[in-house]
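Undergrad: Dock the two chains into a complex; use the hints.
Read top to bottom, the protein sequences are chains A and B. Residue numbers are given in the numbering used here: position 15 of the first sequence equals residue 15, and the series is strictly consecutive. Add 1000 to the 1-based position in the second sequence for the numbering used here, that's all there is to it.
Mixed in with the good hints there might be a few duds.
To be verified - Per the computed footprint, the stretches of chain A lying under chain B, defined by three or more beta-carbons under 8 angstroms from a beta-carbon of chain B, are:
1. 1 to 10
2. 40 to 48
3. 64 to 75
4. 84 to 96
Keep in mind that the hints were calculated from the coordinates and are not lab data. This structure is a prediction, so every number in the text was calculated from the model and none was measured. By construction, the Cβ of each residue, glycine as well, lies at the ideal position given by its N, Cα and C atoms.
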Amino acid sequence: MKHSISVTVNGVTHEASVDARTLLVDFLRDHLHLTGTHVGCDTSQCGACTIHIDGASVKACNMFAVQADGATIKTIEGRASNGTLQPLQESFKEEHGLHCGFCTPGMIMSAADLLQHNPNPSESEIRHALEGNFCRCTGYHNIVKAIQSAAQKM
Amino acid sequence: MGYIGSAVKRVEDKRFLTGKGQYTDDIVLPNMTHAVIVRSPHAHATIKSIDASAALAHPGVVAVFTGQDMVDDGIASLPNGWAIGEDQNEPPHYPLAPDRARHVGDGVAVVIAEDKATAMDAAEKVVVDYEVLPSVTSSEVAIAPGAPLVHDDAPNNTSFLWELGEKAATDEAFEKAHHVTTLEFVNQRLVANAIEPRSAIGDYNPYRDDLTLYTSSQNPHLIRLLMCAFVMGLPEHKVRVVSPDVGGGFGSKIFHYPEEVICAWTTRKLGRPVKWTAQRSESFLTDCHGRDHISKAEMAFDANGKMLGLRVKTLANLGAYLSTFSCAVPTYLYGTLLAGQYTTPNIYVHVTGVLTNTTPVDAYRGAGRPEATYLVERLVDLAAHEMDMDPAELRRKNFIPPDAFPYDTPVALQYDSGNYERALDKALEMIDYTKLREQQRKALLDGKLIGIGFSCFIEACGIAPSKVVGLLGARAGLYESASIRVHPTGKVQVFTGSHSHGQGHETTFAQIVATELGLDLGDVEVVHGDTGQIPFGMGTYGSRSLAVGGSAIVKALDKIKAKARKIAAHKLEAAEDDLEFTDGNFIVKGTDRSVAFGDIALTAYVPHDYPEGVEPGLEENGFYDPVNFTYPFGTHISVVEIDRETGKVDLLRYVCVDDVGNVINPMIVDGQMHGGIAQGIGQALYEGAHYDEDGQFITGSFMDYNFPKADALINFETDRTVTPCPHNPLGVKGAGEAGAIAATACVANAVMDALYHRGVKDLPMPLTPERVWKALNSNGHA
Chain A
1 MKHSISVTVN GVTHEASVDA RTLLVDFLRD HLHLTGTHVG CDTSQCGACT
51 IHIDGASVKA CNMFAVQADG ATIKTIEGRA SNGTLQPLQE SFKEEHGLHC
101 GFCTPGMIMS AADLLQHNPN PSESEIRHAL EGNFCRCTGY HNIVKAIQSA
151 AQKM
Chain B
1001 MGYIGSAVKR VEDKRFLTGK GQYTDDIVLP NMTHAVIVRS PHAHATIKSI
1051 DASAALAHPG VVAVFTGQDM VDDGIASLPN GWAIGEDQNE PPHYPLAPDR
1101 ARHVGDGVAV VIAEDKATAM DAAEKVVVDY EVLPSVTSSE VAIAPGAPLV
1151 HDDAPNNTSF LWELGEKAAT DEAFEKAHHV TTLEFVNQRL VANAIEPRSA
1201 IGDYNPYRDD LTLYTSSQNP HLIRLLMCAF VMGLPEHKVR VVSPDVGGGF
1251 GSKIFHYPEE VICAWTTRKL GRPVKWTAQR SESFLTDCHG RDHISKAEMA
1301 FDANGKMLGL RVKTLANLGA YLSTFSCAVP TYLYGTLLAG QYTTPNIYVH
1351 VTGVLTNTTP VDAYRGAGRP EATYLVERLV DLAAHEMDMD PAELRRKNFI
1401 PPDAFPYDTP VALQYDSGNY ERALDKALEM IDYTKLREQQ RKALLDGKLI
1451 GIGFSCFIEA CGIAPSKVVG LLGARAGLYE SASIRVHPTG KVQVFTGSHS
1501 HGQGHETTFA QIVATELGLD LGDVEVVHGD TGQIPFGMGT YGSRSLAVGG
1551 SAIVKALDKI KAKARKIAAH KLEAAEDDLE FTDGNFIVKG TDRSVAFGDI
1601 ALTAYVPHDY PEGVEPGLEE NGFYDPVNFT YPFGTHISVV EIDRETGKVD
1651 LLRYVCVDDV GNVINPMIVD GQMHGGIAQG IGQALYEGAH YDEDGQFITG
1701 SFMDYNFPKA DALINFETDR TVTPCPHNPL GVKGAGEAGA IAATACVANA
1751 VMDALYHRGV KDLPMPLTPE RVWKALNSNG HA
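Chain B with its partners taken away, still in its complex shape (with noise of 0.2 angstroms):
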C-alpha cells in the first residue's frame, strides 16, 4: 500500500515551523506602493461628493481613486457565481462604491502611497459627503412592507424565491401526522477569522503587458477568470494569479473580492506593484459573513415515532451584495440535505434570499450544510423530549438502511453509500451511553445539570458534477485538474488545480502519486496555487480536493502508467500484458527480468532506444469530473454540564465517529476534524455577529467577536468506519467541513438537553452564560 492510509507527517511543516512559509502580506516586490481603502461609515449613504486634494497633497501619496474612476475606466461589476432561477434579481456589486454604499465598510476610494503608515494618514484626509439613508439589517425587517430599498431595483429587498419538493405532499403528511415538533429560530451570522487577514497584490509589468496578481485565496484560476471575463476585460492569458501560502481559509477566501480588482487595476493605472493587506477591523468587515437564516421548521411524526415530513421556511440574509456563491449556499447546498439521515418521505422548503445593509453572506465552513443539519438534528432531538423517547433510538428508527443504497431522497439528491448506524453504535459504545444515561441521572439527584447531545449528520461535498450543478444555475463546472511531470532523473512534480491553506495537499497527493509510481515521498513534489504553472482548475471548497483533485491525479497518473508501460515493454522486448508494475518496477511476470521507473522516465527524455510512435517524454494533464456528490457521514456526540450559578456551559466529552471514505492520511484527517468541531463548537456557544439599529456592526474585533481559545476547549476523541465512496477512483469522500457541520447540532442539544426538564425549549445561540443563566432563572427552578 506504500504511503496510503498511513499517517505520514507533512512535508509542508517545515517552512512554517521555522517562520518561512510565504503569505501574500511576506511577498515585497520592488518599487511596491501600498493601498489603503476608504470605507464607509454609514450602513447606507449616498455619496454626494468625494473630495481627495488634501489627501492627494500628503507627502508620500501617489495617488487616490474612487468608485466613479473605475466605473468610468470600464470596470464591471463583480459576478454572482450562481444563478437562481431565471427571474433572480442580481444587483450589481462594484468593486468601489460609485455612487452609494450599502455596508459598514463598503469601499468608497482607495489611497495609494509609498508606504502603508503614509497611505493610512492620507486616508484620514479623503472628505466624503455622505447624505445617510435609511437602513436595514435583519432579513426578516427588510423583507416587510416599507422597508429601506438597499437596492432600488431589488423590490421588498428580495433576490431570489426559491422552493425544493413537494408542498402538498408534505402539507397532507401534516395533517395525518400524530406528533408535530417545531421550531423558529435564528442561525447567527458568523465571522470566519482566518488567522491570515486577506492580502493582494498587483503588479503589472507595461513591458510585457501583463500583470501578476498575489491574492490569499483558495481558488486562484476562478479569480483570474471572474476578473478578466466578467470585471476587468482582460486577456486571460496575460494575467497570472498566485495564491502563495494562505493562512486559513474556512471558505472566506474562495470569492472574487473587491481588492482583488482594486490592486489589479492601479498596478496597470500607476506601473507600480500595489498592495492591500486588511487589517483585522477591515476582516471584520468585509471579509463574506457566514449563516444568517432566520427559519420555521416542523417536523411530523407517526405514533411509532417514524418521520412523516419536513417542513422549512428559510429567510438567507444575503448581504448587501451578491458575493460569489452567496446564492447556491442557502438553497442547493441547504435545502437538499434537509433529509439528513433519515427516510422522511416528504419534505418541502422554501428560501427566501434577502438583501440587507450588511457585509455579504457566502460560503463559511460547511456552507449550507451546517444549517441543515442544525435544523434537522435539533427537531429530532427536541422530537425525542417531546414524545419520551430516546435521542438515539429515534434517529436509529428512521435511518436510511445500509441496504437502500443508492438512495433517492425527496429533496434531489442520490446518496451513493452508507452505513449510519455502524457509525451510531460505534459512537455509543465509544461513550459508554447506557451508563452516561445513568450517570446523568444520578447527577442531577446532586443538583448537577449534565446533557448529552447527538448529530447523526449527512453532507454532500466532493463539489461537483458539472452537468448537475449547470443545470441548477452555476455559471462554472466544478470539475479538477491535475498535471504530473516526471523529470529524466525520474523526480515527480505534481500540479494541482486544489489550493492548500492548511489541509495538507502537500503531503497527502505525494502520498498517492509516490505510492502509485512506488517512488519515495521526497521524489514527489505538490505544487498548487500558481496559474502560471498549473492547468485550469476550480480551487478547494466543499470538502473536495481529495475527492476530486484527488481523482484528477490518479487520472494523470493512469495516463503516466499507461506511457511507462508501453516504453518499459519496448526495453523488456516484451508484451504490454505480460508486465506488472509492483513497487516502481516494470516486471515481466514470472521472470526476474524487470526495469525501474528511473530507467523510463530517462528514456523517455533520451529516446534512443524508444518504441514505434511514442512521443518522447513523460508529462501527462487529467481532468476529473465526478459523476455525483460524494456524501460523508457520522455521528458526533457531546456530554456538557452547565453550571447552576453562572449559567456557563462547559464540555465534557465530545466524541466523533465519522466515516470519510477511505483515507490517505488519518493524522490529517483528525486534524482536519478537530478544527471542524471547534469551529462548530465556536457556533453553539461562543459566536454570534451583531448589527446595531443603525446598523454598525458591533462586533468588529477580537475584542467583540468570540471564538473558541485553547482553554474553551477539550481533547476531542474521534474514530472512523469506513464506507468507500464507489464512484471516484479513491473511494474518498472528504473530511474538510464534517466537524463543523456535526458539532453546533451536538453541542446545541447536549445543551437543550440538560434543560429540557426545566421546560426550556430552545434557546438562540451562542448558547452564552447569561442566555442560559436567565433560562434556568425563568421558571423559578434555580
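So here's chain A without its partners, still in its complex pose (with noise of 0.2 angstroms):
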C-alpha cells in the first residue's frame, strides 16, 4: 500500500507516494535523485547518510520516509548555494579532510550539527561527536582538524 508523504527538501517542496517500507535514504537517493547521501551499511552506524530534519542529524537510513512526513530536510546539495562552499566545507577542502569522499557528506552534515550546538568544540569533543561517522581513509585526524578550522571561522 502507498502512503502519500510531503517533504520539504532543501528548499523544495515534493508530494510523493511511497511504501510503507520505503526508507528514507532510499526515497532522497531513489524518488529525488538526491545521491549525495550515501549507503555505506545497513545497521545504521556507519553515517554517511546523515542528514538534518528540522535542523537535527539524523541517518537516513534508520527512519522510514513516510515518518519524515511533514519534515524540513537538508541534505549535502542544499549546503553550498551557488557552487559557493560554505565555511564547513571549504576547511574539509583547506585542512584535506577528504580523500574518497564516500563518507564526507554525511561528516559535513554531523559535522555541521555539531558546531550548532558548540560552536567552539574541544578536539575531544570532536572525536567524540564523530564516532558515528566511520572514515576509513583519513584516520579522522584531517576532519578534525577542518572541524576546528571551520569554528575558528564561523
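TA: Written out as C-alpha cells, the structure is:
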C-alpha cells in the first residue's frame, strides 16, 4: 500500500507516494535523485547517510520516508549555494579532510550539527561527536582539524 | 618548480563536498533492473537443486539465473592472476557456484527485478536444497590429515608450497647463534571495509552489440581483460569498463569479482541494464579479506646483537577460491620483504597456501608487506628485551648502511637506495627518546604502564617491472599508461591508466603536467577510470600510481615537449638546440624572442605555417615499465598507556618519519600516512575477522567488526626524510601503504614493551582490553 507524504527538501516541497517500508535514504536517492546522501551500511552505524531533519542530524537509513511526512530536510546538496562552499565545506578542502569523498557528506552534516550546538568544541568533543561517522581513508586526523578550523572561522 | 612540492588543495574536492560525486550506485540508467544474489548460508554444501518458480512468479521479477545456467552458457572460471610454480593447484571459481557452495556468502543464484526491494523479496523465495558438508576455516586444521576437502581435486587443501632463500645456510647460521628469538603467532584476518559498498552495472546495447560495465574497481582495464579474455569470451573492443568515483578500496576493489560477470552476463541475456550493489553484510561476506597468516619465526643473533639468520614458516589462508592476486600476496610480496632494513645474511621462508571454507583472501593495504614487517619488527623488539638491549640501538646495529646501496638482499630484491639511520634519528629526536624512556621508568614507579614501540619498515612498491614479475609467475604486465591531449587552445587533458579512489590523482598528476608545461593548474584536467577513453593501463594498487603512472605521464610529456620544440623552432626560425623552455615559453637563448606553449598548440592544429615532416596535432601516449620496485622506508614510534584496571590501551603519541622519495604534494602524502596508520593501528588494537566452528562468519557487520573511530585515535606527528628513487624520472616511491605497513608492528611493540616486565612475551592481535587484562592478571601482579 502506498502512502502520500509531503516533505520539504533543501527548500523545495515534494509530494510523493511511497511504500510504508521505503527508507528515507532510498526516498532521497531513488525518488528525488539526491545521491549525495550515501548508504555505507545496513545497520545505521556508518553515518554516510546523515542528513538534517528539522535542524537535527539523523541517519537517513534509520527512518522510513513516511516518518518524514511534513518534515523539513536538508541534505548535502542543500549546503553550498550557487556553487560557493560554506565555511565548513571550505575547511574540509583546506585541511584535506577527505580522500575518497564517500563518507564526506555525512561527515559534513554531523559536523554542522555539532558546531550548531557547540560553536567551539575541543578536539575530544569533536572526536566524540564523530564516533557515529566512519571514515576509512583519513584516520580522522584532518577531519578533526577541518572542524576546528571551521569553528574558528564561523 | 611550479606546483611540484606544493600543498595544492585538491581539485576533486568540490564535487565530493557538495554531494555531486558520482559513485556507481548513484548511476541510474533508463529501463534499469536490479539484481540481488542468493547466497549460501552454509560454509560448505552441495547444491542439490534450486527451485526458482515462486521467485519467478513474484510480481516485478524479470529473471532468475543459477550458476549452472552460467556454466551452460559457457561462462568460465574467474582466473588466478599470479601462478606460484608450475604445479600449483588452481581450483575453479565460477561467478555463481554451480554445484557446491564453499563459503558462507558464496553466490548460488541471482534474482533480477524491476526494483531492488522486489528483488530482495523474491530472493527470499528461491528455494535451494543444500546438503551440508563438513567444513574447515582454519589453515592449520585444513592441512591436517582427514580434514574436509574444500575442492576434491586439491589434496590436503593445499594450493601451493613456496620457499625462498637458502635453507641449509640459514640452518647453519642458527647453529652458530648466541641467541635465538622465537615467535609463534597469528597475523589475523581483516576486512578492508571501504565505506562505499561494491557496486556494478551491466549495460548491453543490442543495436551496437557492445557492453558497458560500470564497476567500483581500482583497475578497470584489468577487469575488462580478465572478464573478456578468460571468463566470458567477449571481444575486448566491444566492452567498455568505467570505474567512476570509487569510495575507497584499500586493495579490496582490485580483484575481478563474480558480480561484475553476473551483471555483464545478465544484461546481455535481458537486453536491459542490470545493477547490483552490495549491502554491508554482503561486503563482509564477499569483499576479499586480508592477512590471515599463522607463522613460526625465529631470528638468530651473535653475542653482539648482530643478526645472523631468519627462519620463517607460514600458513597462508587463501579462502575458498584463488582471488586475482591472492597467491602473490603471501609469497612475492611477503617473503621478499623479510630482510627489512637489516643486513641479515641468511633468510629462509616457507609458505603453504591453504584453501579453506572462508571468503577468499587477497591484497589488503600493504598486502604481504605488513605481515613481513610485523614479523621482523616484533622479533627485533622481543629480541631487544630478551638480550636487554635498547630496541633502537639493536636496530641501528643491524641497519644496511647508506653506502651499501644498491643492496642485494638474501630474499631476491635489490634495494635501490636508503638511509635508515637518518629516519631513525629524526624520529628519536621528534619523540625525545632519552627523556621518554626516563618518563616511562618514573611512570612505572607511580604504577603506570607506559610502552614505547618501534617499527623500522621497508616496503617494495611501485609495482612492478613486468619482466621480473613475469618470471615470478604474474600473468599480467605491470607497466602504466598515460595519454596527454593538448587542445588547440592550449588546455590539456591527461588520461591515466591509474585510478584514483581517494588518493588525489586529479590534483597530483595535474601538478606535474602544469609544472612541466608552464600552465595554470586549472588548465589541466586528469581523466581516469574509463577504458573507452584511456590507453590500456594497469590501475592502482601497491603504491604504484605516482611511481609508475606518474612516470608514464612524464614519458608522454617528454614527447609533447619534443614535438612542441620542433614547432617552436620553426616559428622562431631558430635551431631546436638554441631554445630553452621556461615557464611555458620557448625562448631563443640569449634573446627576448619567444613563443608561448598556447601558440604552439594552436599552430599544431592550424598548421598553415608548419615545419616540414611534422604531423599536425599535439597528443602523445606514454607507457612506463619500471626497472625495479621502489623502496619507501621509515621509522615509526608510538607511545601507549595501559589501564591496569581494564586492560585498555590508550595511544599517547604516534610519531613517524617516512621516506617516500621526492614529494609532489606534501598535504596528500601526509593524508595517505594518516589513513594508513589508522588502519595499521586498527589491526593492532581493534580488528579481527572470525568464523565459528560451523564456518559461520561471526564478525559480519559494523556491530561485530571493530575498526578505529574518531574517538579511538589521536593526532599523528608526521615528518619525512627525502632519499629520491634513483631509477624513475620523478624520483618518487609511493606513499599509499607505508602507514599501514609500519603501524601494526609499531603499536603492538609499544603494548608489549609495557607488558614485558610483567613476564608477558607476546599476545595475539587485536590487543583488546580483555586480552591485555587477562595477561596482566594471569601472573598475579595486577
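Undergrad: Would you pick out the hints that fail for this structure and give their numbers low to high?
TA: 1, 3
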